[in-house]
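Q: Chains as they are written, first to last, in UniProt numbering: chain A, 1 to 144; chain B, 1 to 144; chain C, 1 to 144; chain D, 1 to 144.
Read the hints as simulated data drawn from the structure, not as lab findings.
Keep in mind that a hint or two might mislead.
Said to hold, decoys possible - List of simulated lysine-lysine pairs, BS3-like, C-alpha gap at most 30 Å:
#, chain 1, residue 1, chain 2, residue 2
1, A, K89, D, K72
2, A, K89, A, K72
3, A, K89, A, K69
4, C, K136, B, K108
5, C, K108, B, K8
6, D, K69, D, K99
7, C, K108, B, K72
8, C, K99, C, K69
9, C, K89, A, K72
Claimed, not checked - Going by beta-carbon spacing under 10 Å, a handful of chain C positions derived as facing chain D:
#, residue
10, Q16
11, D19
12, H25
13, N28
All C-beta atoms, glycine included, are put in the ideal place defined by N, C-alpha and C.
There are 4 protein chains.
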Amino acid sequence: METTEWLKHSVRVRYQETDQMGVVHHGNYLNWFEIGRTEYVREMGYSYSEIEKLGLYLPVVDVQMSFRKPAKYDDVIDIYTKVVEFTNKKIIFEVEVKKGDDLLVTGKTVHVWLNAEWRTVRLDEVAPELYERLTKGAVIDKVK
Amino acid sequence: METTEWLKHSVRVRYQETDQMGVVHHGNYLNWFEIGRTEYVREMGYSYSEIEKLGLYLPVVDVQMSFRKPAKYDDVIDIYTKVVEFTNKKIIFEVEVKKGDDLLVTGKTVHVWLNAEWRTVRLDEVAPELYERLTKGAVIDKVK
Amino acid sequence: METTEWLKHSVRVRYQETDQMGVVHHGNYLNWFEIGRTEYVREMGYSYSEIEKLGLYLPVVDVQMSFRKPAKYDDVIDIYTKVVEFTNKKIIFEVEVKKGDDLLVTGKTVHVWLNAEWRTVRLDEVAPELYERLTKGAVIDKVK
Amino acid sequence: METTEWLKHSVRVRYQETDQMGVVHHGNYLNWFEIGRTEYVREMGYSYSEIEKLGLYLPVVDVQMSFRKPAKYDDVIDIYTKVVEFTNKKIIFEVEVKKGDDLLVTGKTVHVWLNAEWRTVRLDEVAPELYERLTKGAVIDKVK
């Protein structure tokens, strides 16, 4: 599968997300990445809740983040998410967090499909419909 | 049951717990209250993990907090926890967060015993040993 | 000043806000209360950022919360906020968190006006325009 | 400068740090990395608070994390921190989070020295004593 288009989702920075440096604490970007993924999967026609109800988990196994400029309290920031790799065993998401045209943070998260016993599974075997949907979804996205 | 003695447990303020006001964000005190309860229950001879393995939950149903002075980054603060009410249906904890002799925050949390279906249960019926232990624990504490 | 109308603001529950009980961790409601207040003040024509730029802080001094039903991952919940007391020294907000018609959590937060040296101030003296605006805002709200 | 020895610091997993997957939410490891760095700097004879009082900040500019096994509620986990690069402009920390002998998470964080105006500075020019101390500290550590 080739890289999909970016999905954009916006959030407003919460006071609790700041730290005494006067900017957003770096850990919060992981939560925003997660929100981006949630909305990406929803756009494909699934909620991540439904995926968990199928007895599947999609935990993070690798993270890479680069911080260029800080976000501040009450900023409206845009989370851009796309899939850069999708197989029956894993998904890699790429993320860009922007404020307007300003690129604040970039990142990449790698995920594997696990069952309720926390073992890796092949998505096309355990949830063929979801597998197909995610594959198709990606294609649909591409021609947007 | 009468009020027990205070159990003291110390934590150091994390950078992530500060906000742009330059002090600890008020929401974090609820986490510290929770740590105080965890250590209180451990002192009684149980870990809260074991309690959940019995199929029991002890969620918060009421909270009251008063903020007098702020905690700051890297402060070592002391969480004092005691039980002020304990029946077969609920527990009320009282908490004081101090920095040395300075009283920073006081609070009270009310909890009820629930089963895995999220329904209220009588602790003496569903977990008599735990019930007895918590009652005894309180008494032992009192004579400390 | 009499009680104002409720201001409604919606948020979607983040995965990070859940805990191993399978529901939203109780501490997150304080963040949602804070979002409700931020949006309430914005509705009055000010951002809380601007207030801090005036050298004023509005920290929480008292909190009361009651938990009726849990919010879950991916729920869209509505935060209803109103002012129930407003003087030149303090503001009291009341909050209701709902999922549709279901009332999940209720709360009240008391705040005082502080200057940059963390001392109480009279809002009508240090920021008369803001004071007037908040008073008017409340009235405008009432006749909505 | 060559790589220093590992500094070990232990924390207990908080209930609030879990998510509905029943394990620690991945974002919390960044907070634990930060605690590891704080304790590392303290071991060198400085508190990070003192560094900020000098008008210096040490924000994160790059993060890399790999997740092998999950930490669970109430686990006592060990954060191992070392410096793998230290110049007058930046520091790179390496971190290992373990539960006993089990390696749970590994990571690396890159930091640059900034002044209060959020501009990069040369540490040996703006805080020569701190620069010397961190350099020496690393050496002392090595011969431990």
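Q: Each hint: holds or not?
A: Each hint, compared with the structure:
no.: 1; hint: A:K89 - D:K72; verdict: holds (24 Å)
no.: 2; hint: A:K89 - A:K72; verdict: violated (37 Å)
no.: 3; hint: A:K89 - A:K69; verdict: violated (34 Å)
no.: 4; hint: C:K136 - B:K108; verdict: violated (36 Å)
no.: 5; hint: C:K108 - B:K8; verdict: holds (29 Å)
no.: 6; hint: D:K69 - D:K99; verdict: holds (10 Å)
no.: 7; hint: C:K108 - B:K72; verdict: holds (25 Å)
no.: 8; hint: C:K99 - C:K69; verdict: holds (10 Å)
no.: 9; hint: C:K89 - A:K72; verdict: holds (28 Å)
no.: 10; hint: Q16; verdict: holds (5 Å)
no.: 11; hint: D19; verdict: holds (5 Å)
no.: 12; hint: H25; verdict: holds (5 Å)
no.: 13; hint: N28; verdict: holds (9 Å)
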